[in-house]
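**Student:** Could you put together the complete structure from these sequences and hints?
In order, the protein sequences belong to chains A and B. Those letters in the first sequence? Residues 1 to 239, by my numbering. Those letters in the second sequence? Residues 1001 to 1239, by my numbering.
For the record, the hints were derived by calculation from the structure and aren't laboratory data. Ideal placement from N, C-alpha and C gives every residue a C-beta, glycine not left out. There is no bait here: all hints are sound.
Okay, the calculated bits of chain B under chain A, using three or more residues with CB under 8 Å as the criterion: (1) 1031-1039; (2) 1063-1076; (3) 1169-1182; (4) 1200-1211.
There are 2 protein chains.
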Amino acid sequence: MTVAVDIWTDINCPFCYLGKRRFELALAEFAHRDEITVVHRSFELDPTIPAGTSGTVEEHIAHRYGIPVEQAQANERGIAAQAAEIDLPYQAGGRDYGNSFDMHRLLHLAAAHGKQDVMLDGLYAGNFADPTPVFGDRERLVAIAVSAGLDESEVRSTLDDPEAYADDVRRDEQQARELGVTGVPFFVFGGKYAVSGAQPTETFARALQLAWEERPVTIVGDQDAAACGPDGCAVPSPS
Amino acid sequence: MTVAVDIWTDINCPFCYLGKRRFELALAEFAHRDEITVVHRSFELDPTIPAGTSGTVEEHIAHRYGIPVEQAQANERGIAAQAAEIDLPYQAGGRDYGNSFDMHRLLHLAAAHGKQDVMLDGLYAGNFADPTPVFGDRERLVAIAVSAGLDESEVRSTLDDPEAYADDVRRDEQQARELGVTGVPFFVFGGKYAVSGAQPTETFARALQLAWEERPVTIVGDQDAAACGPDGCAVPSPS
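**Tutor:** So, in structure tokens, the structure goes:
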């Protein structure tokens, strides 16, 4: 049976980037990995940032949380060191920040074409592994989406229509609120087992196993409804 | 949270065609329908039919199960009447039968592009709603796949390589055996609640509700792992 894994995430969130990789390391070792479906869900860390705004993330963080810029820079270097432990490229210093609503809308467009995961990888790589700013640069966003396999004209028309896939983003965020999610990444395995934050790979492995073991199945309804088998199609007699 | 619904199915199976529609009627009324992911799984009713074979289904059924052709024809008319009750077009008489392995391979190709559901609808319509035979006609199969939005050259190269997506078909069938599935359609909701056969719409509605209620979530792992929230990215102190 397919087990769905929901992952709430934001492009601005370095631990989402790291958490995705650690989850994938667990998934790669999981015996039933072909039965796992991953759905990325939208969560904006700061929806109040005006669209088109961009800037160096360390200064933004220092200003917003009232810490010295040096401390924000040290935090970035600390995250880069954690990323290096799992062979994840991370540019410590210089990445920008911004409003991620349009990116989340494109992730829902990508989902409709079965390309959500590769699109998210492209956005993360654009933000964390590449020194070129990714926020507030529409053409960069289009290029990332096209690299992920999306149709360029569909990407442009989605960006041109601010309501395209906007309800999908809002629904994800509403559900996160209902779940009490206050930070990301946030993972839910099989609708039942939650993992909060960029936990160690072993934690993801445990959650995969727990969700997988949530069996055997319970039969709902009649056992003799109309069905086809090796002996033909049995039509039950009318009751 | 996303609830996955796995549906084992065969193109040769009229009750799979009807069951899909009844399930969809239940889904359309389900309050959390946007949180449901459907995965179609492969099940060949008769994998021993040589590829390329085709013929009128009533004669095949009559011969195989030792019943008069007239009875097989009456069965088809009975299924057509059930289809009419849910506004599903059904050609009673004249549809063909055949080996569905290549169709299942193409359904897995379609899944990789997020087009599995529309591809399955195209195959069902081709087999049950259209008098033109669909088995043993490669160009018809290509046309259905292209109408579903697949890339023609990818469809042709998949058909040319008999091992392309073949393991995916076999894995689905192996899992059906492990579940004890002997007939299709067979539905599993949230990995836990099974519905066998083309049951009434209300049964599907009940299974959706049962799978959805399989909450709340259980937290796995630390509560204070590295995460980003509205107050910044918290890096837990090393333990």
